[in-house]
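Engineer: For the protein sequence lines, the chains are A and B, in the order given. FYI, the numbering for the first sequence is 1 to 362, going by the working numbering. FYI, the numbering for the second sequence is 1001 to 1348, going by the working numbering.
Hints are computed from structural coordinates only; laboratory data are not their basis. Each residue gets a CB set at the ideal place from its N, CA and C atoms; glycine is no exception. Don't take each hint at face value.
To be verified - Just some of the chain B residues that point at chain A, by a computed CB distance under 8 angstroms:
hint	residue
1	S1140
2	G1142
3	V1145
4	Y1167
5	Q1170
6	G1174
7	T1199
8	V1203
9	A1235
10	V1274
11	R1276
12	S1284
13	L1285
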Amino acid sequence: MSGATVDATGTLGGDTLVRVEDLRVHFPITSGIVFQRKIGAVHAVDGLTFDVLRGETLGLVGESGCGKSTTGRAILQLIRPTTGRVLYEGGDLAHLKGTRLREQRKRMQMIFQDPYASLNSRMTIGDIIGEPLLVHRMGSAKERKAKVRELLETVGINPNTLNRYPHEFSGGQRQRVGIARALAVEPNFIVCDEPISALDVSIRAQIINLLQQLQRDFGLTYLFIAHDLSVVRHISDRVAVMYLGRVVELAENAILYENPMHPYTQALLSAVPIPDPAAEELRRPVVLTGDVPSPVEPPSGCHFHTRCPAAQDGLCDVQDPPLLEVRPGHWAACHLITGADYPHIRAGEDDLAVVAEGGAAA
Amino acid sequence: MLPGVAIDSASMSVDGNTLLRLTELTVDFASQEGTVHAVNRVSFDVAAGELVGLVGESGCGKSVTANAIIGLTGMVPNAAVSGAIDFLGKDLLTLPEPELRAIRGRDISMIFQDPVTSLNPVLSIERLMTEGLEVHLGLSHGDAVKRSIELLGEVGIPKAANRIKDYPHQFSGGMRQRVMIAIALSCNPKLLLADEPTTALDVTIQAQILRLLKSLSREHEAAVIVITHDLGVVAGMCQRILVMYAGRIVESGPAKPLFARPHHPYTIGLLKSVPRLNEPRADSLQTIMGLPPDLAHLPPGCAFAPRCFLATDECWAAGPELEPTDEGRMSACFHRDQLRAGETEAVA
Chain A
1 MSGATVDATG TLGGDTLVRV EDLRVHFPIT SGIVFQRKIG AVHAVDGLTF
51 DVLRGETLGL VGESGCGKST TGRAILQLIR PTTGRVLYEG GDLAHLKGTR
101 LREQRKRMQM IFQDPYASLN SRMTIGDIIG EPLLVHRMGS AKERKAKVRE
151 LLETVGINPN TLNRYPHEFS GGQRQRVGIA RALAVEPNFI VCDEPISALD
201 VSIRAQIINL LQQLQRDFGL TYLFIAHDLS VVRHISDRVA VMYLGRVVEL
251 AENAILYENP MHPYTQALLS AVPIPDPAAE ELRRPVVLTG DVPSPVEPPS
301 GCHFHTRCPA AQDGLCDVQD PPLLEVRPGH WAACHLITGA DYPHIRAGED
351 DLAVVAEGGA AA
Chain B
1001 MLPGVAIDSA SMSVDGNTLL RLTELTVDFA SQEGTVHAVN RVSFDVAAGE
1051 LVGLVGESGC GKSVTANAII GLTGMVPNAA VSGAIDFLGK DLLTLPEPEL
1101 RAIRGRDISM IFQDPVTSLN PVLSIERLMT EGLEVHLGLS HGDAVKRSIE
1151 LLGEVGIPKA ANRIKDYPHQ FSGGMRQRVM IAIALSCNPK LLLADEPTTA
1201 LDVTIQAQIL RLLKSLSREH EAAVIVITHD LGVVAGMCQR ILVMYAGRIV
1251 ESGPAKPLFA RPHHPYTIGL LKSVPRLNEP RADSLQTIMG LPPDLAHLPP
1301 GCAFAPRCFL ATDECWAAGP ELEPTDEGRM SACFHRDQLR AGETEAVA
């Protein structure tokens, strides 16, 4: 383990498998054709720190453009971080190259969002699933074929279909192929990047159940990236909420959903539609105004202050709120939660909507 | 003017107030693999000012139904449309194109799923907004611009007067959807078809757009058909729900009782397969086994029978018709009485 002191360490009693330290991914914006000058940067991930504990599912939620997918890719070094470290079992991945990086990748895999785009349409599903084994030189041709059949069976596809092409399968079955491919090299850690958002409602539950079953059977650790908060609540042990490249709140599942502290989390949760008209009538939604600002020039201070119902002038628009542990295992980045003037919010007696209303009246 | 066969219409809405009545609407597409039965004898009514949710998975025929109402299926060469779509006494399916064009965009308008691709990128918001106002309402360009600015303000676009010369790419996804709503409402339509209006948007923006649609439909007294796969979207917004599966309406009724106790096994399956924020976490989700059927090769009996937990021999032999169960409710299931009495809960 690294000696650096970091925020947001695990509290479930488990040990850390992946640690992300002050991760930043900035995509340069250039101008000119031959001599490209850098004229700005998209701050996709802007100082992210969290741990993923062995055997857990960490849900990573946020709206589109908040950097959650970039985070997943940067952890696997599919996109190289601009600064910061990604520690896998204590070893920094950000500086690994070539064979040594490939060696590590065997232990970390990814399941992609779009089962139509993420499978090569000119390869049979047997070849698609067998390719990681080939790349990592695992087993003889015969052993690989046996392994592919076994994997297909594991994900619930008839092994005799291994010579078929992706177009012969439905979206749900293709996603199962994508899952089998991720499992082929027997990884410990899988980044699931919106694995069900492209699927139909009645198929989603099948894939979620499969992912949970596989986690139990193989002791997998998941980073589950999604925008659907109901699904994340169902599958995750802990949940991190992202806004414009930063984690704004991180807590155990039950705590985050029952007692969300950050005003963004509160607004996000209140906006999730519930398929029950009786429950919908009783809700008091916090409707945010405006859109998510551009990550090219994120707002000063707290990135959320432009839309926050409780934002305080001279504080939130000036200072960056650090991600601090407010209660054991509950981390939040908000001046109104962590500041000395707001113990009643920290204690969970009031929520920030009350502060916002009180502030408006005063 | 009303077609004679209105008995099995999937609505019990008050007579005389009916705005739209679909009678046995059928849309088939000829394809290499045989005839695809996209919409199969769909009948329902929409009352003036009513908010109706049309729910189903991709390929169930919900968008094709909407396209048929607004007369877009007539433009598809391999489509065969039959039945009747009665809108204020006129059958939209037999109306000549010029008359249809006068209704389309004025009395009936549509909001599409993807705000990024459904606004013409080379036309300014001014052109997009004023076109309908000038053509349908005969406003002068100056008046049309004035009205457009008012409408853009109404849908929540800040500094609308400064932004009217902008092009679609200068707006965010949520803002583009607002522009589309403003265009759709510009001629005070009596019926608004919203095809997955929030699917491409984030949750916080979705909440804004749904609220806006609801309040605008009240102010403009427009009926809205919200087409979606997301049961949550219609739960808080619509008064009446129509559930479609494999080209047919399998259940219809007022939202509250329908969500509380569905009378069709498919609705039960759909509701149980989505995790909810207001319920305790379960270890695993209930699933609907199998896949939706191929619309070119539908099974002879009930199309849902191969996936149904209640299916009996009867269901495999013949398809059940949509018949009344409770007040204002209908279900196309042979086991509807069992479901109505709540006898199947242990099985489900």
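Engineer: Does each hint fit the structure? Answer for all of them.
Structural biologist: Do the hints match the structure? See the list:
1. The criterion of a C-beta within 8 angstroms of any C-beta in chain A is not met by S1140(B), whose closest approach is roughly 33 angstroms, and the hint is violated.
2. For G1142(B), the interface hint is violated, since its Cβ never comes within 8 angstroms of a Cβ in chain A; the closest pair sits about 31 angstroms apart.
3. Taking 8 angstroms as the C-beta cut-off, the interface hint given for V1145(B) is violated, the closest approach to chain A being about 25 angstroms.
4. Interface restraint check for Y1167(B): the shortest CB-CB distance to chain A comes to about 17 angstroms, outside 8 angstroms, so the restraint is violated.
5. Interface hint at Q1170(B): violated, since its Cβ lies 12 angstroms from the closest Cβ of chain A, which is beyond the 8 angstroms cut-off.
6. A least Cβ separation of about 6 angstroms between G1174(B) and chain A falls short of the 8 angstroms threshold, and the interface hint therefore holds.
7. Hint on T1199(B) is violated. Least Cβ distance to chain A is approximately 10 angstroms, over the 8 angstroms limit.
8. Among the interface hints, the one on V1203(B) holds; its C-beta lies about 5 angstroms from the nearest C-beta in chain A, closer than the 8 angstroms criterion.
9. Hint status for A1235(B): holds, given a least beta-carbon distance of 5 angstroms to chain A, under 8 angstroms.
10. The interface hint given for V1274(B) holds, since its Cβ lies 6 angstroms from the closest Cβ of chain A, which is under the 8 angstroms cut-off.
11. The interface hint given for R1276(B) holds, since its Cβ lies 6 angstroms from the closest Cβ of chain A, which is under the 8 angstroms cut-off.
12. At its closest, the beta carbon of S1284(B) sits 5 angstroms from a beta carbon of chain A; the interface hint therefore holds under the 8 angstroms criterion.
13. Because the smallest distance between the Cβ of L1285(B) and any Cβ of chain A comes to about 4 angstroms, under 8 angstroms, the interface hint for this residue holds.
Comparing the model with each earlier hint shows violations of hints 1, 2, 3, 4, 5, 7; every other hint is respected.
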